[in-house]
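Protein chains in written order, with our numbering: chain A, 1 to 535; chain B, 1 to 274; chain C, 1 to 314.
Incorrect hints may appear among the rest.
[Said to hold, decoys possible] Restraint ranges, calculated between C-beta atoms of paired labels, are given here: (1) Thr22(B) - Tyr64(C): 19 to 29 Å; (2) Gly94(B) - Gly55(C): 37 to 47 Å; (3) Asp171(C) - Asn47(B): 45 to 55 Å; (4) Glu290(A) - Phe158(C): 48 to 58 Å; (5) Ile86(B) - Glu290(A): 43 to 53 Å; (6) Ala87(C) - Cys36(B): 53 to 63 Å.
The hints are simulated quantities; they were obtained by calculation from the structure and are not laboratory data. Yeah, the Cβ is synthetic: ideal placement off N, Cα and C, and Gly gets one too.
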Amino acid sequence: MMRRRTIGKAGCSLLMVVLTTLTVALSGCSSDKAGDSANSSNGTEAATDTVASTAESSTTETADDLSKLIVGIPQDIDGLDPHNSTGAGTREVFYNIFEGLVKADENGNLNPAVASEYTISEDSKVYTFTLRDGIKFHDGSLVTVEDIKYSLERNMGVDGSEPLIRAYAQIDSVNIVDDSHVEVVLKDADSDFLTQLTVAIIPAANEHPETTPIGTGPYKYVSNSPQENFIVTRFDDYWGEKAYIKDVVFKIESNMDAIVMDLEGGSIDMMARVTSTQVNQLSDKFQVYEGTMNLVQALYLNNAVKPFDDVRVRQALCYAVDPQQIMDFVSDGAGTEVGSAMFPAFTKYYMPELNDTYNTDTEKAKELLKEAGYPDGFEFTITVPSNYGQHVDTAQVIAEELKEIGVTANIQEIEWNSWVSDVYSGRQYEATVVGIDASTLSASALLSRYVSDAGKNFVNFNSEAYDTAYKNAQSTTDDAEKTKFYKECETILSEEAASVYIQDLPEFVVLNKKFTGYVFYPLYVQNIAKIKPAE
Amino acid sequence: MAKMAKNNIKKFIKDPYLLFGTVIMGMVLLMIIVGCFWMPYEPTKMNAAEKLQGISLKHIMGTDNMGRDVFSRVMYGSRVTLMIAIGTIIIGAGLGTIIGAITGYYGGIIDEVVMRIIDALFAFPSILLALVIVSVFGVGWVQLVVSLGIAFVPSFARIVRGEVLRCKNMDYIENARLIGVSDLRMIFVHILPNIKGVLASSILIGFNNAVLAEAGLSYLGVGSQPPYASLGRMLSDAQQYMFTRPSYVLCPGLVIVLMVLGFAFLGEGIKRWK
Amino acid sequence: MKYTLKKLSSMIVTLVVVSLCVFLAFNVLPGDPAVRMLGLEASPELVEQTRERMGLNDPLLVRYFRWFFAFLHGDFGTSYTYSVPVAGMVASKIPITFTLGIYAFILTVLVSIPLGILTAKYENGLLDRTITVINQVIMAIPPFFSGILITFVFGMIFRLFTPGGFVSYTDNLKGFFRYLFFPSLAIALPKISMTVKMLRGNLIDEAAKDYARTAYSRGNNTNGVLYRHVLKNAMIPVITFLGMALADMVAGSIVVEQVFSIPGISRILLTSISNRDYPVVEAIIMGIAMIVIGINFLVDIIYRIIDPRIGIDE
Numbered sequence: 001m002m003r004r005r006t007i008g009k010a011g012c013s014l015l016m017v018v019l020t021t022l023t024v025a026l027s028g029c030s031s032d033k034a035g036d037s038a039n040s041s042n043g044t045e046a047a048t049d050t051v052a053s054t055a056e057s058s059t060t061e062t063a064d065d066l067s068k069l070i071v072g073i074p075q076d077i078d079g080l081d082p083h084n085s086t087g088a089g090t091r092e093v094f095y096n097i098f099e100g101l102v103k104a105d106e107n108g109n110l111n112p113a114v115a116s117e118y119t120i121s122e123d124s125k126v127y128t129f130t131l132r133d134g135i136k137f138h139d140g141s142l143v144t145v146e147d148i149k150y151s152l153e154r155n156m157g158v159d160g161s162e163p164l165i166r167a168y169a170q171i172d173s174v175n176i177v178d179d180s181h182v183e184v185v186l187k188d189a190d191s192d193f194l195t196q197l198t199v200a201i202i203p204a205a206n207e208h209p210e211t212t213p214i215g216t217g218p219y220k221y222v223s224n225s226p227q228e229n230f231i232v233t234r235f236d237d238y239w240g241e242k243a244y245i246k247d248v249v250f251k252i253e254s255n256m257d258a259i260v261m262d263l264e265g266g267s268i269d270m271m272a273r274v275t276s277t278q279v280n281q282l283s284d285k286f287q288v289y290e291g292t293m294n295l296v297q298a299l300y301l302n303n304a305v306k307p308f309d310d311v312r313v314r315q316a317l318c319y320a321v322d323p324q325q326i327m328d329f330v331s332d333g334a335g336t337e338v339g340s341a342m343f344p345a346f347t348k349y350y351m352p353e354l355n356d357t358y359n360t361d362t363e364k365a366k367e368l369l370k371e372a373g374y375p376d377g378f379e380f381t382i383t384v385p386s387n388y389g390q391h392v393d394t395a396q397v398i399a400e401e402l403k404e405i406g407v408t409a410n411i412q413e414i415e416w417n418s419w420v421s422d423v424y425s426g427r428q429y430e431a432t433v434v435g436i437d438a439s440t441l442s443a444s445a446l447l448s449r450y451v452s453d454a455g456k457n458f459v460n461f462n463s464e465a466y467d468t469a470y471k472n473a474q475s476t477t478d479d480a481e482k483t484k485f486y487k488e489c490e491t492i493l494s495e496e497a498a499s500v501y502i503q504d505l506p507e508f509v510v511l512n513k514k515f516t517g518y519v520f521y522p523l524y525v526q527n528i529a530k531i532k533p534a535e
Numbered sequence: 001m002a003k004m005a006k007n008n009i010k011k012f013i014k015d016p017y018l019l020f021g022t023v024i025m026g027m028v029l030l031m032i033i034v035g036c037f038w039m040p041y042e043p044t045k046m047n048a049a050e051k052l053q054g055i056s057l058k059h060i061m062g063t064d065n066m067g068r069d070v071f072s073r074v075m076y077g078s079r080v081t082l083m084i085a086i087g088t089i090i091i092g093a094g095l096g097t098i099i100g101a102i103t104g105y106y107g108g109i110i111d112e113v114v115m116r117i118i119d120a121l122f123a124f125p126s127i128l129l130a131l132v133i134v135s136v137f138g139v140g141w142v143q144l145v146v147s148l149g150i151a152f153v154p155s156f157a158r159i160v161r162g163e164v165l166r167c168k169n170m171d172y173i174e175n176a177r178l179i180g181v182s183d184l185r186m187i188f189v190h191i192l193p194n195i196k197g198v199l200a201s202s203i204l205i206g207f208n209n210a211v212l213a214e215a216g217l218s219y220l221g222v223g224s225q226p227p228y229a230s231l232g233r234m235l236s237d238a239q240q241y242m243f244t245r246p247s248y249v250l251c252p253g254l255v256i257v258l259m260v261l262g263f264a265f266l267g268e269g270i271k272r273w274k
Numbered sequence: 001m002k003y004t005l006k007k008l009s010s011m012i013v014t015l016v017v018v019s020l021c022v023f024l025a026f027n028v029l030p031g032d033p034a035v036r037m038l039g040l041e042a043s044p045e046l047v048e049q050t051r052e053r054m055g056l057n058d059p060l061l062v063r064y065f066r067w068f069f070a071f072l073h074g075d076f077g078t079s080y081t082y083s084v085p086v087a088g089m090v091a092s093k094i095p096i097t098f099t100l101g102i103y104a105f106i107l108t109v110l111v112s113i114p115l116g117i118l119t120a121k122y123e124n125g126l127l128d129r130t131i132t133v134i135n136q137v138i139m140a141i142p143p144f145f146s147g148i149l150i151t152f153v154f155g156m157i158f159r160l161f162t163p164g165g166f167v168s169y170t171d172n173l174k175g176f177f178r179y180l181f182f183p184s185l186a187i188a189l190p191k192i193s194m195t196v197k198m199l200r201g202n203l204i205d206e207a208a209k210d211y212a213r214t215a216y217s218r219g220n221n222t223n224g225v226l227y228r229h230v231l232k233n234a235m236i237p238v239i240t241f242l243g244m245a246l247a248d249m250v251a252g253s254i255v256v257e258q259v260f261s262i263p264g265i266s267r268i269l270l271t272s273i274s275n276r277d278y279p280v281v282e283a284i285i286m287g288i289a290m291i292v293i294g295i296n297f298l299v300d301i302i303y304r305i306i307d308p309r310i311g312i313d314e
């Protein structure tokens with residue numbers, strides 16, 4: 001009896017407490033609302049201020065919000081050690097922190113960075129670099145030739161382990177010539193090897209590169225919080241042109257559907273690779289820069305399976321698929337058509353004339369199918385990685401287009417890891433839509449995969465003529481000759497219809513008008529150092 | 001007889017739950033059934049000239065980002081969603097009932113072992129469980145149904161086991177046992193019919209949970225396959241057009257809400273009927 | 001006491017089963033963590049070498065026991081993706097998801113218990129009917145959809161919070177709680193509806209029982225009966241439900257963390273699943289399972305204290 005009574009009492013008092021708290025909570029809410037609406041009545045300026053002050057920590061630093069830029073990035077950094085981080089999203093951020101002996105610029109040229117100059121021997125076997133005078137690491141120490149040797153050898157895997165970068169197996173040795181010169185000696189001649197020397201130079205004395213990243217770039221590392229953000233600050237002892245903006249926060253925006261809200265709400269100032277739909281929803285607070293993603297999007301066909309082992313079937317698909325229509329549906333007409341495995345940013349190698357090898361022609365396509373023995377069409381499956389909305393959309397448009405010629409394309413979405421293991425490594429697929437980018441600034445980055453016995457030839461392309469042309473391109477040191485052979489390769493890919501080449505996807509970069517100066521690069525990088533406050 | 005029927009009809013009309021439940025479900029089912037034979041447009045037919053249009057006479061729910069008719073897609077999508085939910089319940093309730101009945105009836109070591117596994121599965125929220133199973137099986141229609149079905153087994157097994165435990169000690173079961181009725185007959189003829197009320201309401205709740213879980217999985221990117229999308233998948237695809245074309249988001253969303261609401265009302269109504 | 005011990009031992013067995021399930025499940029997933037780490041361009045030799053270094057080439061059981069014993073010693077391993085100890089990484093995210101869960105739980109209790117009592121007291125009144133209909137509708141909305149609607153209405157139209165503007169608890173505690181209010185509302189809404197519905201039903205059922213009628217006829221006023229006997233009895237199943245709801249909230253934040261861009265445990269879990277970062281996945285799932293099973297255990301015990309009848313027929 002006694003216990004019951006206390007519980008009853010407790011019940012009563014609980015109810016009282018609850019109601020009181022609820023009232024307080026509700027009134028708290030409404031006062032917040034009042035405060036906010038008062039602010040927003042002062043116009044957008046005030047609204048952004050509120051946003052900034054809620055987002056900012058409790059520090060009373062008021063005025064200068066132009067000294068801080070928040071950049072949205074779609075995926076997290078996959079490790080702080082530049083040599084062991086392979087994610088494209090990581091590379092684009094690390095471009096601001098780490099530098100190699102040479103460094104790519106916006107025109108696709110390789111400029112000296114940690115090295116101040118270089119020479120390449122006649123036979124393209126010995127590359128000699130001069131260390132830039134007085135260049136410093138973020139921790140204040142001077143860069144030495146030992147650091148260069150250490151960094152390169154770390155990627156070669158000297159103590160019996162495998163090289164971290166495949167091409168570094170080609171390096172015979174890295175020799176210190178004197179206090180300011182290092183030479184890289186190759187096993188075989190390779191005039192393109194400079195493109196591989198953008199690898200980060202890091203201090204040999206740093207025992208924990210995986211937790212304390214130290215580089216030579218315009219920004220230095222401050223902190224990172226998994227799935228939250230990655231913070232850097234300007235490196236004031238930078239050897240080159242110093243960055244304009246002091247603090248940069250790379251904020252992980254894993255929910256791509258919330259980008260517009262986050263931009264408008266002010267929680268990010270900049271976002272790359274947004275879709276045309278998102279661009280259409282933005283207010284005029286933002287500047288939109290349009291470029292291309294520098295990749296080859298295609299309906300990649302497994303050349304080893306039926307019916308795609310027949311060149312006529314592949315050609316029929318090329319005639320049936322209309323790249324322009326895909327661009328209209330997927331990105332409101334933006335994008336650049338490609339006719340072979342080369343995107344336009346490689347101006348020297350890109351061949352616009354190949355776009356016309358197959359102009360959309362349903363009759364022609366049906367005829368070819370008939371010749372190949374499929375008068376009534378056939379059925380196949382397009383396997384698409386589900387995390388790439390644009391590729392999934394493209395596959396849907398392709399499936400509709402192929403209906404015209406009686407071919408049924410089923411779409412199967414698949415997780416990225418499964419795509420890597422089944423499609424890319426296992427080659428167990430019929431067709432897939434993805435975009436393939438170049439890891440270095442050389443044409444071979446895109447073309448080497450089509451050599452019959454290449455490990456990454458996931459389309460199982462097999463052509464003797466191609467193998468010969470590619471080999472010729474590799475062995476010559478004469479640039480004009482090399483270009484000629486690479487172009488021959490591209491033509492073969494187009495004529496043999498290795499895959500149905502579609503487009504280089506458009507890239508839209510959104511930047512708050514408070515800032516300006518965004519520049520596109522032909523590689524997957526974001527150069528934040530060039531962004532500056534507007535006016 | 002006629003009077004009873006009349007009374008029933010009166011009772012039916014007077015109960016708002018049954019009435020609204022039937023009306024809503026009737027509308028949804030009608031849309032699905034009509035969709036099997038006729039749709040205003042081919043649900044996959046794209047039209048570049050009519051992207052993201054609003055509600056009009058030509059497209060009563062507007063069009064999507066590929067210029068496809070949203071109403072036709074909703075008709076098709078409701079069918080897909082319904083099938084996924086039914087499949088999920090068949091697997092979940094079927095396996096769950098069998099496991100629950102056997103463990104509850106026999107008890108002992110089987111019960112201990114199976115219930116520990118069920119407890120272990122129950123420790124995962126069903127959406128996480130389904131997510132893991134989908135990752136193992138791969139993405140697809142069948143895989144989705146199987147994953148959701150398995151994710152629903154533990155809750156059904158627990159409910160059925162509890163009920164079987166409760167029934168097991170009832171007098172008539174004791175009597176039947178004395179007569180020498182076989183175990184199988186005992187479970188299926190004497191015990192299970194006894195718990196059908198509880199089972200029926202769990203199935204209705206489970207159905208709703210299945211629709212919602214499918215929507216959640218679609219949002220996390222492991223739902224049904226394009227171009228034939230379920231309602232959940234349509235909703236998550238449409239999310240990014242919230243500002244430009246709210247009707248594209250709200251229409252499939254509304255149909256999901258109606259579907260779940262209809263079943264919830266029906267369930268409530270049936271419970272009150274007794 | 002014997003009951004508690006029995007429950008405790010079966011809880012431990014369950015946890016071991018969970019650990020085995022998790023370990024097995026993630027070993028049949030397609031996708032190689034080594035490839036994931038090294039990228040598409042890595043040579044097969046480098047992949048092989050990395051697998052060897054990560055211990056992925058050992059037999060399954062060897063790996064399981066190695067992981068299991070390390071886990072018992074509190075060593076959760078090192079994240080493949082971030083190369084930092086899992087313990088520290090997850091620990092820094094725990095406050096976020098916990099706050100979210102507890103916040104939502106408090107909201108649920110604060111709102112649903114008074115509402116449940118009110119609706120039961122004025123059964124079939126205007127308030128009761130309105131709330132019952134609203135409840136049904138709320139329960140029919142998919143969780144991510146309500147999240148989107150909340151963001152749209154409170155974030156974009158009323159500007160009560162900045163969408164995506166999550167503030168870490170280390171930077172600004174006030175901003176942190178402020179931002180988490182609406183996400184926790186999104187988690188709490190369906191739970192509130194369910195609890196109100198359940199409490200209301202139980203209260204009405206209990207009030208119709210003989211003992212309540214007797215008490216009423218003896219001249220006790222309505223409030224007295226309602227609060228003393230009826231509420232107590234009606235609360236028993238609700239406590240079970242709330243316990244399960246609490247367990248579900250910590251884990252059920254998966255979708256909500258995604259919608260509101262909150263870098264909590266669930267988001268780490270999701271990305272780690274797709275990155276095949278097994279040490280992280282295993283640690284988090286074990287953590288969630290421990291919480292869920294632990295809460296269920298506590299609920300069982302509390303249940304027994306409140307209502308000693310349970311257990312007689314077990």
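Comparing the hints with the structure gives:
| no. | hint | in the structure |
| --- | --- | --- |
| 1 | Thr22(B) - Tyr64(C): 19 to 29 Å | violated, 53 Å |
| 2 | Gly94(B) - Gly55(C): 37 to 47 Å | holds, 41 Å |
| 3 | Asp171(C) - Asn47(B): 45 to 55 Å | holds, 49 Å |
| 4 | Glu290(A) - Phe158(C): 48 to 58 Å | violated, 34 Å |
| 5 | Ile86(B) - Glu290(A): 43 to 53 Å | holds, 47 Å |
| 6 | Ala87(C) - Cys36(B): 53 to 63 Å | holds, 55 Å |
When the structure is compared with the earlier hints, violations turn up for hints 1 and 4 and for no others.
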